[in-house]
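**Q** Note that the protein sequences, when read in sequence, are chains A and B.
The first sequence begins at 0 in numbering that gives the first Met the number 0 and counts up by one.
The second sequence begins at 0 in numbering that gives the first Met the number 0 and counts up by one.
No lab work stands behind these hints, which were simulated from the structure alone.
You may find that some hints are simply not true.
Said to hold, decoys possible - Per the computed footprint, the stretches of chain B lying under chain A, defined by three or more beta-carbons under 8 Å from a beta-carbon of chain A, are:
(1) 154-165
(2) 208-219
What the hints assert, rightly or not - Take a look, some chain A residues computed to stay more than 10 Å from chain B by CB distance:
(3) Gly39
(4) Thr118
(5) Gly134
(6) Phe216
(7) Gly266
(8) Met618
Quantities reported herein were computed from a predicted structural model and do not represent experimental measurements.
Even glycine gets a Cβ: it sits at the ideal position worked out from N, Cα and C.
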Amino acid sequence: MAENAKLTSAEQIVVKFTGDSGDGMQLIGNQLTALAALDGNDVNSLPDYPSEIRAPTGTIAGVSGFQMCLGDHKIYTAGDAPDVLVAFNPAALKHSAKFVKAGGIIITNSDSFTEKAMTKVGYESNPLEDGSLAGYDVKAIPMFTLVREALADMDMPNPAKDRCKNFFVMGVLCWLFNKQQQLVLDFIQEKFGPNAKKPKIQIAEANTKAFKAGLNFGETTIMFQERYDMGAAQIEKGLYRNITGNDAAAIAIAAAGHKAGLQPFIGSYPITPATDLLHLASEFKDAGLVTMQMEDEIAGICSAIGASCAGNLAFTTTSGPGLALKTEAAGMALILEVPLVIVNVQRGGPCTGLPTKTEQSDLLQAMFGRNGDSYMPIIAANSPADCFDATFQAAKIALKYRTPVVVLTDGYIGQGSCPWKVPTMDELEDLTPYVNFWKPEDHPGEEYVSYKRDPETLARDWAIPGTKGCQHRIGTLEKDETGAVSHDPMNHHNMTVIRKAKIDNLAAVLPEAEINGADSGKILVISWGGTYGAVKGAVDRLIADGKSVSGVNLRWVWPFPPNLGEIISKFDKVLVPELNMGQLSLLLRAKFLVDVQSLSKVQGDPFREYEVIDKVNEMLGE
Amino acid sequence: MADTQLTKKYFASNAEVKWCPGCGDYAIMNAVRQGMVAAGKPRDEVAIVSGIGCSSRFPYYMETYGFHTIHGRAAAIASGVKVGNPKLDVWVISGDGDSTAIGGNHFIHAVRRNINLNYVLINNKIYGLTKGQYSPCSEMGQISKTSPYGVIDYPMAPLKVAMGLGATFIARGLDAKMKLSEEICIRGAKHKGFSMMEIYANCVIYNDGAHKQLVDKAEGDNHCIVLRNGEKMIFGNEEQFCLVQDGFAIKAAKVADVAEADILVHDETNAEVGTLLAGMRPDNGLPIALGIIYAIEDKKTYDDMVYEQLAAVKAKRGRSVDDIMREGHTWTV
Chain A
0 MAENAKLTSA EQIVVKFTGD SGDGMQLIGN QLTALAALDG NDVNSLPDYP
50 SEIRAPTGTI AGVSGFQMCL GDHKIYTAGD APDVLVAFNP AALKHSAKFV
100 KAGGIIITNS DSFTEKAMTK VGYESNPLED GSLAGYDVKA IPMFTLVREA
150 LADMDMPNPA KDRCKNFFVM GVLCWLFNKQ QQLVLDFIQE KFGPNAKKPK
200 IQIAEANTKA FKAGLNFGET TIMFQERYDM GAAQIEKGLY RNITGNDAAA
250 IAIAAAGHKA GLQPFIGSYP ITPATDLLHL ASEFKDAGLV TMQMEDEIAG
300 ICSAIGASCA GNLAFTTTSG PGLALKTEAA GMALILEVPL VIVNVQRGGP
350 CTGLPTKTEQ SDLLQAMFGR NGDSYMPIIA ANSPADCFDA TFQAAKIALK
400 YRTPVVVLTD GYIGQGSCPW KVPTMDELED LTPYVNFWKP EDHPGEEYVS
450 YKRDPETLAR DWAIPGTKGC QHRIGTLEKD ETGAVSHDPM NHHNMTVIRK
500 AKIDNLAAVL PEAEINGADS GKILVISWGG TYGAVKGAVD RLIADGKSVS
550 GVNLRWVWPF PPNLGEIISK FDKVLVPELN MGQLSLLLRA KFLVDVQSLS
600 KVQGDPFREY EVIDKVNEML GE
Chain B
0 MADTQLTKKY FASNAEVKWC PGCGDYAIMN AVRQGMVAAG KPRDEVAIVS
50 GIGCSSRFPY YMETYGFHTI HGRAAAIASG VKVGNPKLDV WVISGDGDST
100 AIGGNHFIHA VRRNINLNYV LINNKIYGLT KGQYSPCSEM GQISKTSPYG
150 VIDYPMAPLK VAMGLGATFI ARGLDAKMKL SEEICIRGAK HKGFSMMEIY
200 ANCVIYNDGA HKQLVDKAEG DNHCIVLRNG EKMIFGNEEQ FCLVQDGFAI
250 KAAKVADVAE ADILVHDETN AEVGTLLAGM RPDNGLPIAL GIIYAIEDKK
300 TYDDMVYEQL AAVKAKRGRS VDDIMREGHT WTV
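Just chain B, same shape as in the assembly (with noise of 0.2 Å):
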C-alpha cells in the first residue's frame, strides 16, 4: 500500500501549516520529515512533543501522535514518554525562547540523561509567536520590543552547553542549507542518545536576516564551514580558508598561509575539539560550524538504563506487590 511507504508525505498531516511565508520551520519541517523516513518507524510509532512558540505548532502539521504542550517543558514531557514507551520514536521541536530561556532547566537535564530523544531547536534569536522580544540566543545589541536600545544579555551557545553536559551528539543547521539540515535530521534520527540537532532559521517578521552572515551569496561561506568526518575543515566561498591549532585553541587561517599537514582533520568522536567548534562564532574569526559537530554511539542512554535496571532489580529481588505488601512485622488477628 502506497501510503505505509515511509515518505516524507507519509508523514505529512492534513492541517494547513500556518507559519509565516518565507519562514524557516518549512525547512526544517522538511528536513525533519526525511529524519523520520530514515529512522525507518511508521507514523503510528513516532510521537512528537512540543512547548510553546512558532516552532511548537510543528506536530499538527505531522501525521504522527503529536503532543503540543506548556512552554518550555517539553523535554521534560518527552522524556516521560520515550520512557513510558521506550518502543517510540520521539521527537522534541522547541525554539530558542522555549529550550534556553523558561525551559533551560529541563533541556540540560535531558541532554544530561542521553535520553533518546530527536531534539530539534529551531534558533531565530527572537521571540516569534509573542511578536518579537529578544531571547538568550539574541546578539548583544540586537533590536527588539523589549530591547528597543540594544540587547545587553550575553548571548548563549546552546551546543557548547550541551557539550559541557556530556552530551552524544551535537550538530547544527541552517534553514538555507536544506541538504545539510537533511543530512542532520537523518543521522540525528539513527543516533541513539539525546540528538542535539540546533537549526538556525530566519523570521522573517521579527528578526529577519537572523543569519544573514552566513546565507550572503557572496560572502556567507566565509563566515561558516560545515563539518565533515574524516575531511579537512577548510571553508570559504572559494575554500580559502581552513582551520588550524593555536595552542589549545583553534585559529583560521589562510590556505595558502600554511602547510597542509596542519589543516586540522574533522573527528566528529574528539569531545575537546567538539567544544571547541561550538563555540566558534565570526565575531572571534572564527566560522560558525555547521553539520556534525560531534557524535559519539558509546554512552548508554537513560531510557536503556531505566529498564535494564528494572529488570536486574526483578532478576535479583523478584517481588510482586503482594510480597511488598506483607513485609516487614505482620501479624494476624
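Next up, chain A with everything else stripped away, as it sits in the complex (with noise of 0.2 Å):
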C-alpha cells in the first residue's frame, strides 16, 4: 500500500533509460527531463544511441540509452552511477545494469523476458529469478499485462497498446519521484492531443491511461518502499525552457541574423550528430532563415561562403568528417576574409569513427586542418544551453574581424539537453555595429580598397555586391591591399603576418578566464567545451573537501584567455581532462612550455565527476 512507501528527500537522483532503439528512450528521456526542470529542479542528460536506425531488436547493439541527473542544486553532468535504471528488455538489462550504483533501483519489464529474448542475449536463466542481481532492489513490473488491462475498453491491436508502456513507467517515475501529474497529462494533450501538430485522439487516451495505471500501480503495490522528493534548485530567476545543444546553436543562428540585421543563412549537409540543428533551423523560415540543404559538405560551406560575400550572416554546419571535407573552404573563408561560423558537433573519430557517441577530438583539425599558416578563433560549448550563446558570440567574432570563427560543440552537448534561461531579443547584444559594410556615402572623397584595415582589429573594408560603385575582385590568390593578385614575396610575408595577428589580437579583447577555487595552489584542472561540468563538479567537491584544487574552464580555446598564461604559472601542476589523446594539453604545452598532465578517455562517454577525482588525488598522492 502506498502508507508502506515512505517520502524521503534526495539531493540528486541519475536516472538511466534503456531499451530496443525504436522503443522511444530519447523521448522518455526527454520528458522526464521536461518534468524535473518545470517542477524546480536542474537537469542535465545525455542521449546514448547506436549508429543504426533499427539495429535488430532485442539485440545489445540495438540498445538505446538516455542518461540525466535531476537534482535540487545546481546540475553539472548527466551524472555518474544512475541510482534508477529503467531497462525495458533482456538486452537492455544485460547492456546497463552493471552500470547502475550498488543497492540501485532496477526498473524492467518482465513480461519481456521470454525464453527467446534471454536467449538472444545469452541469458542463460532468468536475471530476475536467478539471484544473479542481488546486489540491486529490482522492480519486476508486467507492463504489458498491466498496460493491455488498463487499456482493455480501447480498440487497439495490442502492440499498439504495448507501445504505450513508456507512459506507464512515466507514470510509476513521476509517482516514485513525488513529481506533478498535471504536467505529463498536459503533455500529452499537447503532443496528441486535438490541438496538437498531428492530432491522434486514441493515441491521446491511451497514453493518458497508460499512464494513469503507472500512476495507480506506484499507489496500491507494495513493491516500492521508498518514494523521493526534491526541493527546487536555486537558480537564476527568469524564464526557462529545456534545450538540446542542437537546437539552442538553431536558435542563436536565427537570433544572431535579426540582430546583426542580416538575412541568417546557413549551407550545410546532413551529418550526425549535428542533423538535428539543420532540422530544427529548417523550420525557422517564418524567422527569413535560409537554410540550402547541399549536396556534400563541401556545397554546404561553399553555398555559406557564397551568401556571405552576398552579404548574409552564414554558417555551416558540420560534425568531424565533414568537417575534414570543408578544409579548403574554409581556408577560403579566411584568405576572402569574409564572416563565416562553422558548427562543428563533435564525435568520435577518426574517419567514420563513432558517429553516434560523443568525443573532443577535433580541436587539433579546428585548429591546423587547413594548408598554409591559417588560424581560426575557436570557441567551445560547455554545456547544451551555452550552445546558443556560443554561436551568438561566434557570429559577433566572425563579423567584427571577418574570419572564420570555429564553434566546437560535441555529440554530448549537442544531444544532452539542459535548462536554458530565455533571453529577450531586446536583451541580446546588437550585432548592427560590427556588420559595417563600405558605403561610398560613408566615405566621401575615398575610393574603395578591398584589404585595407581597420587598424585595431585589423578587419578589411568590406563592400559587399549591389553596392553602387564599389565592384571589385577577390580572390584566393595571394593579393596585395588593393585585392590585385600578388606574387611579390614580401606581399605575401606581410599578409600571413597581418592574418595571424588578426587572431592573435583578438586575445586582447576576450574575456579574461576565471578561476574557480583559490588562484594559486597545488593542481590546476583545466576544461574546454564538454568537459566543464565534469570538471567543474569534481573540482567543486575536492574544494569541499579541503584539497588544493583550483578550475579553469576555457571558452575560447584559440586564441587563449589573456590571462591563462599567469593563472598556470600559480600552480604546482595542471590537468587537463579531454575527450581525445590530449589535444589541448598539446597545445598548452607548445604556447605555455609548461608540463602539462592530460587525462585522456575516448570511450564515447563524457567524463563522469569521480573520473577527475581520481587523478586529481592520485595526482596530489592521495
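Relying on the hints, combine the two individually framed chains into one complex.
**A** Laid out in C-alpha cells, this is it:
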C-alpha cells in the first residue's frame, strides 16, 4: 500500500533509460527531463544511441539509452552511476545493469523476459529470478499485462497498446519522484491532443490511461518501499525551457542574423550528430532563416561562403568528417576574409569513427586542419544551453574580424539537454555595429580598397555586391591591399603576418578566464567544452573536501584568454581531462612551455566527476 | 554619363588580360560582356564567380563584383551568392576540368535545382593551367602529358548530362563563331533559370586544334549545325546536309535525297529531341549541335522558390525569433 512507501528527500537522482532503439528511449528521457525541470529541479541529460536506425530488436547492439541527473542544486553533468535504471527488455538489462550504483533500483518489464529474448542476449537463466541481480533493488513489473488491462476497453491492437508502456513507466516515475502528474497530462495533450500539430486522439487517450495506470501502480503496490522528494534548485530568476545544444545553436543562428540586421543563412549537409541543428533551423523560414541542404559538405560551406560574400550572416554546420571535407573552403573564407561560422558537433573519430558517440578530438583539426598558415578563432560551448551563447558570440567575432570562426560542440552537449534561461531579443547584444559594410556615402572622396584594414581589429573594409560603385574582385590567390593578385614575396610575408595577427590580437579583447577556487595552489584543472560540467562538479567537491585544487574553463580555445599563462604559473601541476589523446594539452604545452598532464578518455562517453576526482587525488599523492 | 551606358567597355576592368595570345577565352569574354549588356543590370549588381583554371581568371578582367574561388566549387559558391541576394545577376565561368571533373557534383546539382545562374563552361578538352593533362571532356586517344599513349576514358557530354537533370536552357558555342557565342550569351543572360552555355575553345599551347574539325575553313561546317528555332535543320558548307528522323533517333542525310517535308524543324522546347541533339557527334555520323539547343521558361527557379517559401511560412506561422525561443514547455523561476 502507498502508506508503506516512505517519502525520502533526495539531493540528486541519476536515472538511466535503456531499451530497443525503436522504443522511444530518447522521448521518454526528454519527457522526464522536462518534467523535472518544470518542477524546479536542475537537470542535465545525455542521450546514448546506436548508429543504426533500427538495429535488430532485442540485441545488445540495438540498445538505445538516455541518462539524466536531476537535483535540488546546480547540476553540471548527466551524473555518474545511475540510482535508477529503467531497462525495458533483457538486452537493455544486460547492457546497463553493470552501470547501476550498488543497491540502486532497476525497473524492468518482466513480460519481455521470454525464453527467446533471454537466449538472444545470452542469459542462460532468468536474471530476475536467478539471484544474479542480488546487489540491486529489482522491480520486475509485468508492463504489457498491466497496460493491456488498463486499455482493455480500447479498440487497439495489442502491439499498439504495448507501446503505451513508456507512459506507464512515466506514471510510475512521476509517483516515485513525487512529481506533478498534471504536467505529464498536459504534455500528452500537447503532443497528441486535438490541438497538436498532428492530432492522434486515440493515442492521447491510450497514453493518458497508461500513465494513470502507472501512477496507480505506484500508489497501490507494495513493490516500492521509498519514494523521493526533491526541492527546487536555486536558479537565477527568469523564464526557462529545456533545450538541447543543437536546438540552442539553431536558435542562436536565427537570433544572430536578426541582431546583425542580416539574413541568416545556413549552407549544410546532413551528418550525425549535427543533423538535429539543421532540422530545427529548417523550420525557421518564418523567422527569415534560409537553409540550403546542399549536395555535399563542401557545397554546404561553399554556399555559405557565397551567401556571406553577398552580405548574409552565414553558417555551416557539420561534424568531424564533414569538417575534414570543408577544409579547403574554410581556408577560402579565411583568405577572402569574409565572416563565416562553422559549427562542428564533434563525434568519435578518426574518419567515420563512432558517429553517435561524443568525443573532443577535432580540436587540432579545427586548429590546424588547413593548408598554409591559417589561424581562425575557436570557441567551445560548455553545456547544451551554452551552445546558444557560443554560437552567438562566434557570429559577433566573425563579423567584427571578417574571419571564419569555429564553434566546437560535441555529441554530448549537442544532443544532451538542460534548462536554458531564455533571453529576449532586446537583451541580446546588437551586432549591427560589427557589420559596418563599406558604402561610398560614408567615405566621401575615398575610393574603396578591398583589403584596407581597421587599424585596431585589422578587419578589412567590406563592400558587398550591389553597393553602388564599389565593384571589385577578390580571390583565393595571395593579393595586395587592393585585392589585386600579387606574387611578391614580401607582400605574401606581410599578408600572412597580418592574418595571424588579426586572430592573435583578438585575445586582448576576450573575457579573462575565471578561476573556480583559489588563484594559486597545487593543482589546476583546465576544462574546455563538454568537459566543463564534470570538471566543475569534481573541483567543487575537491574544494569542499579541503584539497588545494582550482579549475579554469576555456571558452575561447583559440586564441587563449589573455590571463591564462599567469593563472597556470601559480599552480604546481596542471591537469587537462579531455575526450581525446591530449589535444588541448599539446597546445598548452606549446604555448606556455608547461608540463601539462593529460587525462584522456575516448570511450564515446563523457567524463564522470569521479574520474576527475580520482586523477586529482592520484596527482596529490592521496 | 558615358560610363553608365551599358556597353561592353563598361564591363571591362583595367586589369591586364593574361591569357595566351590566340586563346579562345578572349572571344568568349567578349561574348559574356555582350550578355551582361543584354541582361541590363548595372555592373555593381553583377557578380562573377569562378573556380580554378585558365578560364577562372575571368573575373579579374571584368568591372563587376568578382570572386575567384577554389577548384570545382564555383557552382556551389555562386548558388550561395544568388540565394543570398537574388537581385544580383550572377555568372559562373568555368572550364571542362573545373566543371566536369572536380566540380562535377556541384555542376549537376546546380543544373538540377534550376537556380538562376548564367553558367559558361569553356570547353577546350584539356587542363591548361596545370600545363596539359587530359580532362573528362578529352577525346579517346587524345595525347596529353598524363596520357602519352592516348586517353582511354570515354568523354563526357556536359549538355547531355544537363538534359538528364532537367535543364531549362542549354546552348553550345564555338570560339571561332564569335557572333554565335554572343547570341548565346545574350539569350542565356536573359533566360530565367539555369543557363547552361558550353562554349568550345581552343588551347593554343596544350591542345591546339581542340576543335579543328569544326573550325576548318573548307570542311568545318560539314561537321556542325547551327540550330535556329523554327528553322529547318540544314547544315554543310553548301547547305547540302540535313537532319531527319530515324525511328527514335536522328540521322544526317543529303538534302537532295529527302523530301523537304521530312527535314526536321528545330523546336527549342522539345526536350526529347533536345537530348538527342545535345549528344550528336561526328564519329556517329552526326554534326555537333551549336546554338540554342533547348530553352524553356515555365519552370520555377530555385532562388524564387526559396523566397516564395519564406513568405508562405511567414504568412502561415509568422513566428518571431522571440516566439521561437519561447516554444515548448517553459517555466518561470
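**Q** Hint by hint, say whether it matches the structure.
**A** Hint by hint, here is what the structure shows:
no. : hint    : result
1   : 154-165 : violated (count 0)
2   : 208-219 : violated (count 0)
3   : Gly39   : violated, 7 Å
4   : Thr118  : holds, 42 Å
5   : Gly134  : holds, 37 Å
6   : Phe216  : holds, 25 Å
7   : Gly266  : violated, 6 Å
8   : Met618  : holds, 38 Å
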